Amino acid sequence: MYKKSAETLKTPKTSAIWLNFLGSMNLAITLLLALSVASIIGTVLQQNQPYTDYVIKFGPFWFEVFQQLGLYDVYSASWFLLILFFLVVSTSTCVYRNAPGMLREMREYRQSIQLETLQKMPNSVSWQLNRSLDEVQQVAQQILPHNGFSARTTVTDSFRLVAGMKGAGSRLGYVFTHVAIVLICIGGLIDGNAILKAREMLGQIVPETENIPANQVPMISRLGLDNLSFRGSVSVPEGSQSNVLFINYKEGYLVQGLPFSIEVKDFRIEHYASGQPKSFESDLLLHDSRLAEPLEQTISVNHPLIYDGYSIYQASFSDGGSSIELQVWPLSGGGNQQQKLNVTVGNDVQVNLAGQPWVLETSDFRLFNINPSQDPAKKFQNVGPSVQFKMRDKTGAAKEFMNYMLPIERAGAYYYLSGVRSSPAEEFRYLYIPMDEAGGLGRFNTFLRLLNDQDVLQKVVAKQGILDQPLPTKDSAQFNQAMLKLVALFMQEGIDGVMSQVDKNVPVEKREGVAQLYVRVLQQILGAVYVEVLADEGVDISLGIDEKKAAFFDDASAAIGAITRYGSPVYFQLVNFKHKQASGLQIAKAPGKLLVYPGCAMLILGVFLMFYAPQQRLWLRLQETEQEVSVVFAGHAERNGLDFADQFRQIQAQFERVLTT
Amino acid sequence: MTSIQAALKSELERDAFWKGLSLFDWLWSIITVLSTAYAYTNYAPLMDVYEKVILVASSASLIVLGWHWKAIRQLSLLVFVLSLFGISRYVNGLSDAETDFFLRFLVSSQSAIMWMSALYVLATVTYFAAFIARSDFVAKVASAMTWSATVMGLVGLMVRWRESYLIGLDVGHIPVSNLYEVFILFSIITALLYLFYERRYQTRVLGGFVLLVISAAVAFLLWYTFDRQAADIQPLVPALKSYWMKIHVPANFIGYGAFALAAMVAVAYLIRFNAEKGDSNSLAMTLPELDVLDDLMYKSIALGFAFFTLATILGALWAAEAWGGYWSWDPKETWALIVWLNYAAWLHMRLTKGWRGKPMAAWAIVGLFVTLFAFLGVNMFLSGLHSYGEL
Ligand code: HEM
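Protein chains in written order, with the working numbering: chain A, 301 to 961; chain B, 45 to 435.
Same shape as in the complex, but just chain B:
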């Protein structure tokens, strides 16, 4: 064998994806498969065929996600352990949340969600402090806080899921059924999307901007909890009792989260854009380059658009089953369409007309307000079939 062939051979082996998987990657897959198998064998009789498919598909996605984004593994394991711990502390029923120390201060869904809220807000402040102080270390702390908040949020949802079953076996349901629950989901998904790009682009300066949206969501959540007692777990109305909810809502919130991320990147874009005309030493110049921001904005809108398309279609299929028609021009549906059309127009402008820069950034910010109306405004101002989370 000539040297060149040897070099080629080693090169080809070196980068093979399967070869690149470490022992931990395999361990990760095994743990996930085993837990799924455990859940399946124990709970299969309680699930319909769709729920079984959803379980297996989520587990497969989790494995692949863990391979490509290693931090997801630590996150999942932590959430797993903490949630199990939380669930195991419930012995005599829901009232344990008042008496058990750990539940009361850490892992009951209410406490976990309070931790999440506090940590996201702290992380926001810390990211901005890091930005202003230009300190890498402080930014790392902020990242850690964001990760912890995300863990606590997920634990809160998991334990809440269990708590709903403690109220009554027929009451139990996945916690994505009302405005309170989806606000938590929104915060978590937006944070995860941000964290993904933070690693991908190796920059933490955008953290404060993105977390600003999350902090706003947290502020709303707290108002909603304390002013409207929204945290109470309510049984599902008959129309919501469907496996569709398990896929429609999360897909929707990946969309909303990505659109929110895009809008906040757009804010950063505008700031940097204005700064480029002036003092090259200003703080704003520490933001990523304009074309990096532009690229991130596009990617995030593309991701949001893809999932929003999926979610809207899933919603239509669900509506066909629950309301007797796949499209009823119900305000929520219609606003989903408006959001979708708006971003379709955005994407066309960028891809076919080659629009870039300031107008696109401004449009992405407007897009967030359109999205916000679809998400919240419709529930507040318009009535319709989707009246599950009224304010």
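The following block holds chain A by itself, in its conformation from the complex:
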């Protein structure tokens, strides 16, 4: 039997002990379970996050401990690779020790088996038959193959033995599965980043941590064509090409050179009717000096391009530098000047706004925004293009904005929406600027401008009879002055500023009354200014103001009251764009595949063979005793004893029907 084969190896003692240890089942099972536990850690603790996140999560002490243990990248930690290594060694040893014996056994019919052994088997019967030896032998030689057993016959002077065997493949299955494990592990190690890690330890490479253009990255962070395996990504704008890619490594990245350059001609997203993305596709041109002309192919998710051992996948997409035209609408200080600004996504520009220097950092442009729909009949709705940018003031503090190009409907009215937030962790809060009847921002802008215009305000205030009785001139002048100050305060600090003024100057018991008065006064003045705005536009208001225009007034007042919290002195209206996308490509070279894939095929074949071609043996031993033939029929199966016993009984019945009738 195969288990004995190890003993027949004539090896010195210590190596035998090692062989025993490495090939032992206990070690194998320990390794299997250790691998499971390590994997569990790797899934429970999110891998490869920025180190700062871990520090926040665990505190500096445990952060350090976990880092030393390699828990932030378990699957390439040294100890993890060590487990894998031992698994490979242990499985190889196991195959080395068992396979020769098994393969031999696979071809053996065990024709030298003893009579007593047969009689002692759990499945064993004997018959005394009044037949000739030849007859019985012939029957056995047919019944066994009929049941799928291949048979060999031994003839000696004293007895004849027909030995049958089935399912020799299960032994082959053992060899296949275990060799497969070895192949897969080795292939996986080649394709994993163990090699990179080793090179890093030897000081041959150092990841780059600064965000700089690829051609400025120093040689020590670059990998050449000799790099055996890698998986990296690169974002290529439409119309551009790249001959490098970036491999994320620890807290930085490495630049991998390619023997060709890959050009993205066009990138497309298709959508379902409901608005969800349906497909991402890139038209690629692969330029290689070895090719007569560039290779042209369209790739999409699930349909990569395979070229010269490199696989090129559609992985993601981003903006590739769209040109954006922004109309600048002043929000504070009342400036009248309206400039236009042309920016490119990804580039920063310096601008002077309301007398202050700002940096405008445009980070993204989106052609579609698919939002949950208000309309119950439709799930989603496309609200059109948007631009996302940061505005950094001279102190370096920045707020992030998201402006939609098209006015968005809310409860029947349309607004230009601008989201703002102070950090990416926050949700956007929105400023709703009402759209005027011409579909633009003109009326809102005029309203703002007049509200900041002292002449207009004075005129308006003078006309107002806020109080029921007329006041003496001196008092009225003072009161007008107070009103002007109130409006100025509102314009500068919003409704919050007005309220905190009340809190500061008015005794508690009178606050409510004064606040109400202030609001009423403000509303009246704003209303009066609004009338001026309409008059400016040439609207006839002799018959009063219609509902729409009244709603506009309310919305505009609310927006103006929120401007101080908005955080930008201007509103950038997205008026025009030229969309340019970048296709996120992932490029991989994984020569380990050549071991892993055949390994996988072997594994599947092996497992099915092992389970579903169990090895079974049958013997018929015939011996002549005084005109009779004495037959011992016995069977043995390595596993699935119950099924085999059933089958044995059926074959026994066949023999009995043929031989004993």
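These are calculated hints, taken from the structure and not from any lab test. If you're wondering where the values come from, they're calculated on a predicted model, not measured in any experiment. Check before you lean on any hint, since a few could be wrong.
[Said to hold, decoys possible] With a straight-line Cα cutoff of 30 Å, these simulated BS3-like cross-link-like pairs (lysine-lysine) come out:
{"hint": "1", "chain 1": "A", "residue 1": "K699", "chain 2": "A", "residue 2": "K878"}
{"hint": "2", "chain 1": "A", "residue 1": "K466", "chain 2": "B", "residue 2": "K53"}
{"hint": "3", "chain 1": "A", "residue 1": "K694", "chain 2": "A", "residue 2": "K640"}
{"hint": "4", "chain 1": "A", "residue 1": "K578", "chain 2": "B", "residue 2": "K96"}
{"hint": "5", "chain 1": "A", "residue 1": "K849", "chain 2": "A", "residue 2": "K763"}
{"hint": "6", "chain 1": "B", "residue 1": "K285", "chain 2": "A", "residue 2": "K565"}
{"hint": "7", "chain 1": "B", "residue 1": "K285", "chain 2": "A", "residue 2": "K880"}
{"hint": "8", "chain 1": "A", "residue 1": "K466", "chain 2": "B", "residue 2": "K63"}
{"hint": "9", "chain 1": "B", "residue 1": "K343", "chain 2": "B", "residue 2": "K397"}
{"hint": "10", "chain 1": "A", "residue 1": "K878", "chain 2": "A", "residue 2": "K565"}
{"hint": "11", "chain 1": "A", "residue 1": "K889", "chain 2": "B", "residue 2": "K285"}
{"hint": "12", "chain 1": "B", "residue 1": "K343", "chain 2": "A", "residue 2": "K466"}
{"hint": "13", "chain 1": "B", "residue 1": "K402", "chain 2": "A", "residue 2": "K420"}
{"hint": "14", "chain 1": "A", "residue 1": "K497", "chain 2": "A", "residue 2": "K357"}
{"hint": "15", "chain 1": "A", "residue 1": "K578", "chain 2": "B", "residue 2": "K290"}
{"hint": "16", "chain 1": "A", "residue 1": "K578", "chain 2": "B", "residue 2": "K285"}
{"hint": "17", "chain 1": "A", "residue 1": "K640", "chain 2": "A", "residue 2": "K880"}
{"hint": "18", "chain 1": "B", "residue 1": "K114", "chain 2": "A", "residue 2": "K466"}
{"hint": "19", "chain 1": "B", "residue 1": "K343", "chain 2": "A", "residue 2": "K420"}
{"hint": "20", "chain 1": "A", "residue 1": "K420", "chain 2": "B", "residue 2": "K397"}
{"hint": "21", "chain 1": "B", "residue 1": "K397", "chain 2": "A", "residue 2": "K313"}
{"hint": "22", "chain 1": "B", "residue 1": "K397", "chain 2": "A", "residue 2": "K466"}
{"hint": "23", "chain 1": "A", "residue 1": "K785", "chain 2": "A", "residue 2": "K849"}
{"hint": "24", "chain 1": "B", "residue 1": "K290", "chain 2": "A", "residue 2": "K889"}
[Said to hold, decoys possible] To be clear about the criterion: a stretch of chain B counts as covered by chain A if any three or more of its residues have a C-beta under 8 Å from a C-beta of chain A, and this derived list gives those stretches:
{"hint": "25", "segment": "208-217"}
{"hint": "26", "segment": "274-285"}
{"hint": "27", "segment": "334-341"}
{"hint": "28", "segment": "353-360"}
{"hint": "29", "segment": "378-387"}
{"hint": "30", "segment": "395-409"}
Think of the CB as a built atom: it goes at the ideal place given N, C-alpha and C, for glycine as much as any other residue.
Since chain A is already given, all that's left is putting chain B with the ligand on it; use the hints.
The following block gives chain B with the ligand in isolation, referenced to the frame of chain A:
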């Protein structure tokens, strides 16, 4: 010819497999071949080469399965007829599900799945009633209910497949794409595996135990349907639009189903094991013998392991195509590996160390929890590339 040769000849003819096939077996093959040919000629232009291979291979497997397990033929024919009926009731589009009587109460995917759910739960109760009452007849009723539930579940999936195309030609896809759909698949496959062994071992007493898992799955399914509106058909994200899904997911669920079956057999094993020490007349003694249970547990883990190996490898090949690498240590992948390693260790213990009995049964039950985490826990607690069925 001597009598012995005649007897041998008749014996050899008697058991030949082809001879053993009845007229119905042949009829079954012919019907299957014809339907496949029909599907092929009509829809070949819409399929890629892999899908054609999948179609032909499934049809061949169905024929062979039907020969070896006759009940599959009735099941398939019923599913076939009912599904066609369901599909034919859709005339004006999906809104027919609200207005047409048959769709509304029987064969729209939602109704069929509700029938399935109700019948599985009823079957569970009935199996236990049969167990307690030691009644063979009641157990037969429970079996019938399980079969009916399975038919309705399959009809539900088939009609749902069609419904997805009614939403939009580009939306249509095989209903194994999200957690809701695979829970149905899981229930059906577990039930079928159980029914197979029920016939094989000629015992119905295990029914209640196995169906307990299915009832739990149904409970989850109902919660998921009503609390999360999970039953809505969603279009596929680009990464899922692949023929791989058609083979990877079912193979996976044969694995999960078999592991669940093994665990429930293990529960029965432990109950009987404890009972053997005490009163020999207790109810638990009506469970099958320990070595039969042990054998069933092994077989079912072996089956699960084989298909799980296949599924994991298919998944790796798919990942190579969709994500650019055959292995990314994504949580779902990693948990599949953990499940696999766990059962590999189990099998080694049994086959090479000869472990049997109580510890193996306990381990098989632990295995179900590991599997459950891979199947559900990962979606609930961990994030990764496999975020298709988030809770
Ligand atoms: C990742 C590592 C391994 C995996 C996945 C694996 C898998 C398997 C599987 C699936 C079986 C079949 C069980 C059955 O026939 O029902 C098996 C059997 C076996 N394995 Fe492993 N194995 C691994 C490592 C090892 C190692 C390291 C050894 C050596 C100590 C070993 C020794 C055996 C033996 C002796 C058998 C029984 C073969 C037989 O009786 O036919 N295995 N293994």
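Structure-based check of each hint:
Between K699/A and K878/A the alpha-carbon distance is near 25 Å, which keeps this suggested pair within the 30 Å criterion. For the suggested pair K466/A and K53/B, the alpha carbons sit about 22 Å apart, so the restraint of at most 30 Å is met. With a C-alpha separation of about 22 Å, the suggested pair K694/A and K640/A falls inside the 30 Å cut-off, and the hint holds. Distance check on the hinted pair: K578/A and K96/B sit about 23 Å apart at the alpha-carbon level, within 30 Å; holds.
A C-alpha spacing of about 22 Å is found between K849/A and K763/A, which places the hinted pair at or below 30 Å, so the restraint holds. Restraint check for K285/B and K565/A: the C-alpha separation of about 24 Å stays at or below 30 Å, so the hint holds. A distance of roughly 26 Å separates the Cα atoms of K285/B and K880/A; the hinted pair therefore holds under the 30 Å criterion. Simply put, K466/A and K63/B have alpha-carbon atoms about 22 Å apart, close enough for the 30 Å limit, and the pair holds.
For a cut-off of 30 Å, the pair hint linking K343/B to K397/B stands: about 17 Å separates their Cα positions. About 16 Å separates the Cα atoms of K878/A and K565/A, which keeps this hinted pair within 30 Å; it holds. The hinted pair formed by K889/A and K285/B meets the criterion: a straight-line CA distance of about 24 Å does not exceed 30 Å. For the proposed pair K343/B and K466/A, the alpha carbon gap of about 19 Å is at most 30 Å, so the pair holds.
Distance hint between K402/B and K420/A is fulfilled; the C-alpha atoms sit about 29 Å from each other, no more than 30 Å. Of the supplied pair hints, the one linking K497/A and K357/A holds, its CA atoms being roughly 26 Å apart against a limit of 30 Å. Our distance criterion of 30 Å between C-alpha atoms is met by K578/A and K290/B, whose separation comes to about 19 Å. In summary, the hint linking K578/A to K285/B is supported, as the alpha carbons are separated by about 9 Å, within the 30 Å threshold.
For the hint linking K640/A to K880/A, the alpha-carbon distance of about 20 Å falls within 30 Å, and the restraint holds. As the CA atoms of K114/B and K466/A are separated by approximately 26 Å, the hinted pair is consistent with the 30 Å bound. Distance check on the hinted pair: K343/B and K420/A sit about 27 Å apart at the alpha-carbon level, within 30 Å; holds. A C-alpha spacing of about 23 Å is found between K420/A and K397/B, which places the hinted pair at or below 30 Å, so the restraint holds.
Between the alpha carbons of K397/B and K313/A the distance comes to roughly 25 Å, so the proposed pair stays at or under 30 Å and holds. With a C-alpha separation of about 24 Å, the suggested pairing of K397/B with K466/A holds against the 30 Å cut-off. Among the hinted pairs, K785/A with K849/A is consistent with the structure: their alpha-carbon atoms are about 27 Å apart, no more than 30 Å. A threshold of 30 Å between alpha carbons decides the hint, and for K290/B with K889/A the separation of about 27 Å falls inside it, so the pair holds.
Only residues whose beta carbon comes within less than 8 Å of a beta carbon in chain A count, and the segment 208-217 of chain B has 3; three or more means the coverage holds. With a cut-off of 8 Å between beta carbons, the segment 274-285 of chain B has 6 residues touching chain A; three or more are needed, and the interface restraint holds. Here's how the segment 334-341 of chain B fares: 3 of its residues keep a CB closer than 8 Å to some CB of chain A, so the rule of at least three is met and the hint holds. With a cut-off of 8 Å between beta carbons, the segment 353-360 of chain B has 4 residues touching chain A; three or more are needed, and the interface restraint holds.
Here the segment 378-387 of chain B counts 6 residues with a CB under 8 Å from a CB of chain A, which clears the bar of 3, and the coverage holds. Counting residues of the segment 395-409 of chain B whose beta-carbon sits less than 8 Å from any beta-carbon of chain A gives 3, enough to reach three: the coverage restraint holds.
Violated hints are absent here; each numbered hint is respected by the structure.
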